[in-house]
Amino acid sequence: MVKTKAMVLGEYTKPLTLEEVDVPSYGPDEVLLKVKAAGVCGTDLKIRDGLVPTKELPLIPGHEVAGVVAATGAKVTRFREGDAVLVSFYIPCNRCRTCRQGRQTICEQLKGRIGFEFNGGFAEYVAVPEDCLIPKPPELSFRQAAVIPDALGTCYHVLVRRAQVQKGDCLVIVGGGGGLGLHALQIAKVLGATVIGVDVSTEKLGLMKAYGADFVIDGQENPAWSDMVAAYTQGRRADVVVNFVAHQPSIDEGLKAAGKGGKLALVAYSKEVKFNALHGHLNEIDLLSTRAATKADIEECLKLILAKKVEPVIGEVISLPELNYGLQLIKDGKFKGRLVIDLE
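Numbering-wise, the working numbering puts 144 at position 140 of the sequence shown, and it's gapless, one number per residue.
Don't read these hints as lab results, they were simulated from the structure.
Honestly, I wouldn't trust all of these hints.
To be verified - Pair by pair, the computed Cβ-Cβ distance ranges are:
#, residue 1, residue 2, range
1, Tyr-16, Gly-172, 37 to 47 Å
2, Glu-23, Gly-77, 17 to 27 Å
3, Gly-106, Val-321, 31 to 41 Å
4, Glu-60, Ala-214, 35 to 45 Å
5, Leu-310, Asp-346, 17 to 27 Å
What the hints assert, rightly or not - Derived EDC-like pairs: lysine to aspartate or glutamate, alpha-carbon spacing no greater than 16 Å straight-line:
#, residue 1, residue 2
6, Lys-79, Asp-135
7, Lys-38, Asp-26
8, Lys-50, Asp-336
9, Lys-38, Glu-128
10, Lys-9, Glu-276
11, Lys-264, Asp-231
12, Lys-335, Asp-53
By construction, the Cβ of each residue, glycine as well, lies at the ideal position given by its N, Cα and C atoms.
Using the sequences plus the hints, can you model the full thing?
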């Protein structure tokens, strides 16, 4: 069997190891993808630490993937060897009730996710179903393409599909200077929203301003930052608050920052958070959950990028063996934008 290299998670909470593994086998409706770039995000840190469901270990994580088709299964008809693609990492049935509603990330018969239940892109090669492939526009680099399905797609999904942000809305982005927040900020401005960004460092406040935030708040220096939202909006408060950090104080403040009839959307998650149901009841605040991005969401993001309305924000670029270093950067919050592994 031909061997290839991959970063393998063999034990939760432990560093991944660079190993020689078999080149993945692929089914008749799958392709073998030569990985050119893979994004790394906070979810990968949670996978390493055993905080999200995955297949039994060992696992090759990596759900943000772009590459070139190296080989195709017998039933693959839409792609051929040499095609450059990016990957929608959910593998839905496309037949059930929720799939027919266009909500494939909550598919009732979900087959799994690349990098979670199936080995992913922290490797030189990965097997991917044909239905999960999206052609990579030649205008985009593989680094840019790799981060689109999650960093941009997740933001598009929460803002457009779930929170249904409208022109003229006031939107608060908690964690607005992070790898997701900066992309949400750009999409929100395209939608015509007034954006208030909340984060905790001077550098991130500057990044939010650079990407179009109308008002920024240092949440560390101003722990009761919902009062600043109220003051900025002349008492109206926000139509939508999107939380990318799942920190209990930020959820408490986010609820208070939402105006009457507003929405609080939780993108980040933890095992348990508290919610002031009485405050929510008195103000009819909608609490929204959201899960990743559908293939259609990702395709819409590509249109926005090609129209030069948004751009992928890439911070640190590392090599495959440097993955553990990258995960530590994420844990420490010591980089801007999105972290990418370059395998070209």
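Verification of the hints:
Under the hint 37 to 47 Å, the C-beta atoms of Tyr-16 and Gly-172, about 46 Å apart, fit the expected range. The hinted range of 17 to 27 Å is satisfied by Glu-23 and Gly-77, whose Cβ atoms lie roughly 25 Å apart. A hinted range of 31 to 41 Å for the beta carbons of Gly-106 and Val-321 is consistent with their spacing of about 34 Å. A hinted range of 35 to 45 Å for the beta carbons of Glu-60 and Ala-214 is consistent with their spacing of about 44 Å.
Checked against the given bound of 17 to 27 Å, the beta carbons of Leu-310 and Asp-346, roughly 22 Å apart, stay inside it. With a CA separation close to 11 Å, the supplied pair Lys-79 and Asp-135 stays within the 16 Å bound. Distance hint between Lys-38 and Asp-26 is fulfilled; the C-alpha atoms sit about 14 Å from each other, no more than 16 Å. A threshold of 16 Å between alpha carbons decides the hint, and for Lys-50 with Asp-336 the separation of about 14 Å falls inside it, so the pair holds.
Between Lys-38 and Glu-128 the CA atoms are separated by roughly 6 Å; this keeps the pair inside 16 Å, and the hint holds. Annotation: proposed proximity of Lys-9 to Glu-276 is violated, straight-line Cα distance about 37 Å (limit 16 Å). Taken as a hint, the Lys-264 and Asp-231 pair is honoured in the structure, with Cα atoms around 15 Å apart against an allowance of 16 Å. For the hint pairing Lys-335 with Asp-53, the CA-to-CA distance comes to about 11 Å; that is within 16 Å, so the pair holds.
In the structure shown, a violation is registered for the earlier hint numbered 10 alone.
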